[in-house]
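Just so you know, we're using full-length UniProt numbering here: the sequence shown kicks off at 1 and counts up by one.
One or more hints might be untrue.
[What the hints assert, rightly or not] Dumping the calculated BS3-like pairs for lysine-lysine here, alpha-carbon to alpha-carbon at most 25 Å:
id: 1; residue 1: K226; residue 2: K267
id: 2; residue 1: K271; residue 2: K172
id: 3; residue 1: K172; residue 2: K136
id: 4; residue 1: K136; residue 2: K235
id: 5; residue 1: K178; residue 2: K136
id: 6; residue 1: K271; residue 2: K235
FYI, nobody ran anything at the bench for these hints, they're computed from the structure. All of these numbers come straight from a predicted model, not from anything done at the bench.
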Amino acid sequence: MALASARREPLTSSSRNMSGVEFKVTVLARLSAFLPCKYRRCIPYLRVGIRPGASGPCRYREKEHGAMLKRILQAAALLAGLSAGIAHAADEEQRYDVYAGGLKLGTMGMNANLANDRYAVNARVAGGGLLGALIKFDFAGRSEGRIAADGTLQPASYSGTSDDGKRERTVKFTYGSKTPRNVSFSPARTPRDYDAAPSAQSGTLDPISATLSLLRPMPVGEACGKRVEVFDGSKRSRLSVAARQPARDGLFVCNGTYSRISGFSPKLMAKQVNFPFSIFWRETNGMMEVVRFQTDTTFGTVSAIRR
């Protein structure tokens, strides 16, 4: 899927040359695609065809829209939570805003440290803004490990806690001989017959280490053109990024694909396996630093933009 290289700006009445009323109607129209039925019934502009106590398709859409927004935030946690630029031998904090269809969906923050041959990264993603206020999602994670002589990352431990408003769950695991070990879930998770076995995930990286591997500042010749295998405790996925191409505003773009490999339900695998995305970089003094990432969805362009 071709992705636009221009930055998707938040919707504002001034940027769209709208009157106040036109702007409000446009925002409400956009929001209607995300709102649960109980909220859409309260919007006068959008009441047509929505009955109090509606069920059936309306109920289905509520479930689907909520799940989609949570998946967008989860993807943001993986693909942009650390894409700010990481200082060697020093802590650095960065913040990002996430927009879906021009409306704010959430925020991201990170604190990372690379010192000598070790790394430690904390990441946080939370819902916020017009859409995020309606869809509960929070993620906090930490990864620690070693940096090999060739620059590759060798994780030692990972922990991540997600909260979707209905359930909070923490997953933890360590590594031995580059293979995930001692995987635990709290509260306990019922195993599925399609789960990806930890013992078969040698050479994979945890989600945060994988992000760091792809998106940390690096020399021009080392950015993009990579493939990283990812394991999150029960599922295996792949991040593939092609070579960089010129983009607008003096930036460079690297188009990539997130692919489900194993550990996903047959229903999810039948629905979609590959998800395209684009990472935008700025070159400064021979070094590449990520500016933003974006992907196209049925709701429009989703962008994570550095503050």
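Against the structure, the hints:
| no. | hint | in the structure |
| --- | --- | --- |
| 1 | K226 / K267 | 29 Å, violated |
| 2 | K271 / K172 | 28 Å, violated |
| 3 | K172 / K136 | 22 Å, holds |
| 4 | K136 / K235 | 23 Å, holds |
| 5 | K178 / K136 | 34 Å, violated |
| 6 | K271 / K235 | 16 Å, holds |
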